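Undergrad: Residue numbers (our numbering), protein chains in the order written: chain A, 1 to 265; chain B, 1 to 316; chain C, 1 to 293.
The hints are simulated quantities; they were obtained by calculation from the structure and are not laboratory data.
Because the structure is a prediction, the values reported are computed rather than measured.
Be aware that a few hints might be false.
Claimed, not checked - To give an idea of the chain A side of the interface with chain B (calculated C-beta under 10 Å), a few residues:
#	residue
1	Ala84
2	Ala110
3	Leu119
4	Val125
Don't be surprised by glycine CBs; every beta carbon is placed ideally from N, CA and C.
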Amino acid sequence: MGQGETLVTALVETVDVAKAYGDFVALDGLSLSVSEGELVSIVGPNGAGKTTLVNVLTGLLRPTRGIVRFKGDDIAGIGPVRLAERGMARAFQLVHIFPALTVAETIGVAVVSQSGKGLRLFRSVRRDAHVMQRVRGVAAIFGLEGKLDTQARLLSQGEKKLLDIASAFALAPDVILLDEPTSGVSSADKHGIMRTLIEAAHRAGVKAIILVEHDMDLVAEYSSRIVALQAGKVLADRPPAAFFSDPALIAAVVGKMPVKAAKAA
Amino acid sequence: MRIAAVIAALAALAVLPQLISPYYVTLVLPAFAYGIALLGFNLLFGYTGLLSFGHALFVAVGAYSAAVLTAKLGVKSLEAIMLVSALAAVLVAIPVGLLSVRYVRIFFGILTLAFGMLFHSFLFKFYNLTGGDTGLRVLRPSLFGFAFPNLDKTSFLVGPFYYYCLGLLAVMGLVMWRVVGSPFGLQLTAIRENRRKAEYLGVRARLFCMIAFAISAFYCAIGGVILAVNTGQADPDLAYWTHSGELVFMTVLGGFAHFFGPLVGAFAYVFLKSQLMSVTEYWRFVMGAILVVIVVVLPRGLIGIAHDAWAKVKRS
Amino acid sequence: MSAFFDILLGGVFHAAVLFLVAAGLQLIFGVQKIVNLACGSFYALGAYFGVSAVAFAVSVGAPAYLFLPILLVAGLALGVIGPPIEALLRTVYRRDEAFQLLLTFALVLMFQDILRFFFGANPQQLGDMVMLYGTLSAGTVLVPTYNALVIVASIAIAFGLGAFLKRTRFGRILRATAENREMSQAVGVNVGRVYATVFTLGTVLGTVGGALVVPTAAASLDMPVELVVEAFAVVVIGGLGSMRGALIGALIVGMMRALAIRYYAELEMLAIYVVVIAVLIARPAGLFGRPVE
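The shape of chain A in the complex, shown without the other chains (with noise of 0.2 Å):
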């Protein structure tokens, strides 16, 4: 490639990227980049270093060495505030919620800080008739239109979940990472949840969404790129297909070949 082409920009990338507490090395010398309309998975054991990971992708930890880089700008360590300021929004495995607040308020906060409307002192939020459409059409993408006055503490734990996952998309982020979105949900709902997600980047316009996932089935379906970590290095970077017929990989990974995948190779 020359210095005229176009290169495909990465949305999110790190480059060598270590991190060291003491003598413990958690991530050593990680390089891979997220690029619009990818969904890409990143797997691995406990340990493998996905949670540091993904505290350094979202800004929360400054890698001991190397860049980290969302929309080309360095994102090193600049906290939670700044990286939804600039679209990434991040949603955790253990579901967190405003208690007191009603489904309606809870997607509000998002859709007022995003709208940097989060100053206005003396302007009603409930007579702002865009930031309720707003708060509308996210709660119906995932099928809460019928809860927005209900307290969040007062929600079945998978209305929860899907608040939480809610209150993040309504940042209208450009990236967002899940952090093993379908956990504690049955296995039945897990695919139904997915799809959800899916479709509701699509409506809410994000480029990309970065997944921490141990359900390989899920990974599989899903994913258009899968990232293997192991102590720390990236072991594979590869789409499913190539992936999963690598029964070795599969073995360092996860040492059981899901079904779909072993149906397909």
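Model the placement of chains B and C on the given structure of chain A, informed by the hints.
TA: Chains B and C only, in chain A's frame:
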């Protein structure tokens, strides 16, 4: 329905001086003062979830500013006095707030208690400036330029000053109502419920806590000015930590989860305290016992009790 | 030179008493996560009760050397108020910290009048009891024996407390419960009993502190609210929940107070708060505390 209730309450307060004796009317003035102060305090406590045990500091700043302005600098305009006092309080709130909002929960309470007492010891020790133990006198200000020279102290207080304060309470209440209903107010509640998640949703928690802190200081100072004009005195006890504790007591008594809770609490507390004081010298014990009952059995305060009663009435 | 020793002694004596109260605070906070605003009230109760106990002893002709033990016993005896108060606090354990703080504030209010009711509005003191103990001399330095004994007693209590927490079975249970209540419960620890014991212990530390101080200072109705401020300065400097912090913090506050009283009385508490703020800027969790979110 709520608007009707508020208008009814304001109307009742407006005609009150005609109906009851001046003694009782002079009790309503501290209720106005604390009502305004608590509107600000509850923005920080009920809405943002930060419990300060040092907010009496800002009430004292208001009172002492009024004293210095009227008695030492000859400023008479109450509007100027309130503005300067409130700005002084905001100025003090900035360093105090910057240091304190780093913390949450119990540490915030302890730190603010320490700052309040720092100010108290400052007031106490530097008697050349602050009158020390005896405090400073506060002279009668003019209201919108009118001095009312022919009215004696009590007539001034239960007359023009009463209505001035009632109007002030209504205006400041309206402003606070808009603030809590605004995007800013919504984000404050998010900070209260889950600060971390709020930050992930792009809420600048520290900045917003600082702003809430400054607004609460503003309101408390105005309350302090009213108290000082009412008693004609600014003394160091206003800044003592137990006075801060009383602010919290009043707020919880009324119900901190509701906009009107602090107002109800201010009125209830002022009247309760004065009645008890006239009945027994052990009024602190009774107040303490009442606080125990509220905390243990009725944490949603008087407004909570009213809501439950109303719900029962509707069901039957 | 003797001025230096006077200050040193005064500072260490004050620190010794402050340490007891602060240790009580730290213990209760460390295990139950409650900040006890009523610590000053317990201290004052110890002081008043100590005065009464010694006055009674005098009236029945007890010899002077028994007065210190009597004060100690008076302080310990007040431990009976621990369990009922803890039972009251138990009703708000699960609730927001604001309520716990408010409940202890309610206790402060109630104790103000309880003290007034039982002991009257006038300050009470033990006159020249300190003199009765005489003075020790080391070269040119004169030390009131009483003060020295209190310092020794406080050090002994500090060591005893440390040994109790580190070496005894109950101490280990206590520390485990402080770390992780649910886990302790899961392995069969009677958390309720632990809490009651800890609270009583914390209370007793406060009442003993008050009882021991009373020969050198009058018991007054200002005591409860004033002591809280100093005690909090100690735990903020030392770090909330840390015993070592209570010790170092008490020494710092005690010495500052002694210096200020001697040289610049106006600045007494102000100086202490400057140190508090400086420590907080440099180390937000205090010198030995655990970092906060």
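Undergrad: Determine for every hint whether it applies to the structure shown.
TA: Against the structure, the hints:
Interface hint status for Ala84(A): upheld, as the beta-carbon distance to the closest one in chain B is roughly 3 Å, under 10 Å. With 10 Å as the threshold, the beta carbon of Ala110(A) comes within range of chain B, its nearest partner Cβ sitting at about 4 Å, so the hint holds. Taking 10 Å as the C-beta cut-off, the interface hint given for Leu119(A) holds, the closest approach to chain B being about 6 Å. A hinted interface residue such as Val125(A) counts as satisfied when its beta carbon comes closer than 10 Å to some beta carbon of chain B; here the least separation is about 5 Å, so the hint holds.
Of the numbered hints listed earlier, not one is contradicted by the structure.
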